[in-house]
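Student: Numbering (the numbering used here) for the sequence shown: 19 to 411.
Please note: incorrect hints may appear among the correct ones.
List time: in silico SDA-like cross-link candidates among lysine to any residue, alpha-carbon distance up to 25 Å [claimed, not checked]:
| # | residue 1 | residue 2 |
| --- | --- | --- |
| 1 | Lys353 | Trp277 |
| 2 | Lys359 | Ile194 |
| 3 | Lys70 | Leu90 |
| 4 | Lys132 | Asp53 |
| 5 | Lys132 | Gly64 |
| 6 | Lys63 | Ala104 |
| 7 | Lys63 | Trp277 |
| 8 | Lys132 | Tyr195 |
| 9 | Lys359 | Arg323 |
| 10 | Lys353 | Arg200 |
| 11 | Lys132 | Asp199 |
| 12 | Lys70 | Ser107 |
| 13 | Lys138 | Asn206 |
Derived by calculation from the structure, the hints in this document are not laboratory data.
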Amino acid sequence: MGKSQTSLLLAIAMMATTTYAIVPNYPSPTEANADFNRRVSEVVKGQVYRYKDQRMSPVGVGTWNNRDVSGLRQFAAGMYVFANPARFSENEFTALSGLTNVSTSQHRDAFLAKFREYSKTINVFKPVGTTMDGDGQAIYLDPTAHRWFQGNQSDGQWYNGECDYDMNLKEISTVIYAFLDRPDILPNDILAQLLMQNTNQLTIPYTGQDVGLASVLLRSYGNSVYGMDLNVKISQPETENHALMIYQWQFLANNVIRWIASLDPKHPRYNPIIKQFFDRNTAQYTNSDAFSNWLVAALTRVSRRGMFETNARAYEAFSFTAIANLAANADLLLKDDVNCKKVGVAARNAADFLSANFVFQSYKGKRNLSRRRNWEAGYIAEVSLYSHNYMTN
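Given the sequences, and given the hints that come with them, work out the whole structure.
Tutor: This is the structure:
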């Protein structure tokens with residue numbers, strides 16, 4: 019970060035502090051920070067009791083699906099509880115384990131058994147690439163994990179579907195790095211499941227795609243739509259939030275794989291299966307200069323020009339989660355790697371800029387505006403704090 023940007027952020031921080039100080043009944047930054055752990059714990063408790071209602075049932079913990087962000091968050095909340103047991107009570111332990119009158123470690127082990135069961139259902143719904151099954155069903159899956167398209171060759175009809183699998187990838191990245199230093203909370207077999215996602219391929223999903231493929235097949239039109247016999251496919255560059263979510267996964271997953279492969283076999287995080295993946299194709303799991311430079315450029319544009327997808331159904335929030343993952347973790351494991359260092363710096367600059375920007379935009383509700391996208395779904399008239407005036411998702 020240049021001196022001018024540093025000075026600007028210092029000025030912003032001082033102004034933000036002054037603003038809080040002169041507004042009656044608002045906590046100071048010091049008071050807010052001191053209360054941070056309590057507020058986090060309350061949010062976690064909410065997820066814990068959702069877990070109890072939805073997962074602790076006779077039908078079991080349920081299975082992964084292509085949009086199951088909430089399920090993974092519930093398990094992440096449970097992991098947070100057992101990583102910080104002093105902040106929680108027997109009520110939360112029991113809600114997660116289903117047991118009573120047992121030790122905390124027994125509660126934890128029972129919960130992890132359920133997480134292990136759930137993790138075995140995590141899978142990529144279709145392998146990367148284009149496949150054809152025996153019934154003539156063509157599955158077009160873009161290499162960037164955003165959308166999929168299914169069509170029936172026999173009648174020329176094409177159907178557009180979405181999975182937004184990159185939404186899940188950003189959540190998986192967060193969980194892996196949040197508990198990477200806690201094998202007791204995130205055991206190696208579950209970590210491997212989160213990385214491999216039950217793929218039958220000889221590669222870990224979405225780790226080797228060329229950044230030049232940051233365009234997605236958006237629509238596939240056929241005769242069922244326009245009465246034409248010709249199928250027309252149109253592609254365009256991927257949108258900002260999806261590009262960031264897709265490639266934060268690739269960068270961070272590659273770093274974990276490479277790091278695990280470099281460990282001494284006696285290290286608690288060493289995993290011979292992950293090492294086999296790396297040894298099979300070291301180039302795929304090593305973030306290249308070209309890929310890293312692309313990420314730096316994408317992140318630097320944010321700190322210089324702000325978000326492109328501003329006020330668009332909170333797409334900033336999706337982007338910010340990806341940026342925050344990179345800011346915290348890009349250079350966490352491979353500290354001497356030049357590419358990791360420069361991506362980490364660029365991500366932290368972007369995160370600092372967006373955080374400061376949020377302070378100003380939130381003042382007196384200035385950020386609460388109707389949205390410029392998805393108006394047909396009613397979003398344009400929806401105004402509430404957590405529907406679009408928020409930083410993370």
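Student: State for each hint whether it applies.
Tutor: Here is what the structure says about each hint:
At roughly 11 Å between alpha-carbon atoms, lysine 353 and tryptophan 277 fall within 25 Å of each other, so this suggested pair holds. Between the alpha carbons of lysine 359 and isoleucine 194 the distance comes to roughly 20 Å, so the proposed pair stays at or under 25 Å and holds. Proximity of lysine 70 to leucine 90 is assessed by CA-CA distance (about 14 Å); at most 25 Å being required, the pair is judged to hold. Distance restraint check for lysine 132 and aspartate 53: the Cα-Cα separation of roughly 32 Å exceeds the 25 Å cut-off, and the hinted pair is therefore not satisfied.
Of the supplied pair hints, the one linking lysine 132 and glycine 64 holds, its CA atoms being roughly 19 Å apart against a limit of 25 Å. A hinted pair counts as satisfied when its Cα atoms are at most 25 Å apart, and lysine 63 with alanine 104 qualifies at roughly 13 Å. Distance check on the hinted pair: lysine 63 and tryptophan 277 sit about 33 Å apart at the alpha-carbon level, beyond 25 Å; violated. Taking the CA atoms of lysine 132 and tyrosine 195, the gap is about 20 Å. The hint holds against a cut of 25 Å.
The suggested pairing of lysine 359 with arginine 323 holds, with an alpha-carbon distance near 22 Å, which does not exceed 25 Å. Proposed proximity of lysine 353 and arginine 200 is supported: the alpha carbons are some 19 Å apart, at most 25 Å. Only pairs whose Cα atoms come within 25 Å are accepted, and lysine 132 paired with aspartate 199 is accepted, the gap being roughly 21 Å. About 15 Å separates the Cα atoms of lysine 70 and serine 107, which keeps this hinted pair within 25 Å; it holds.
The straight-line distance between the Cα atoms of lysine 138 and asparagine 206 is roughly 13 Å, inside the 25 Å bound, and the hint therefore holds.
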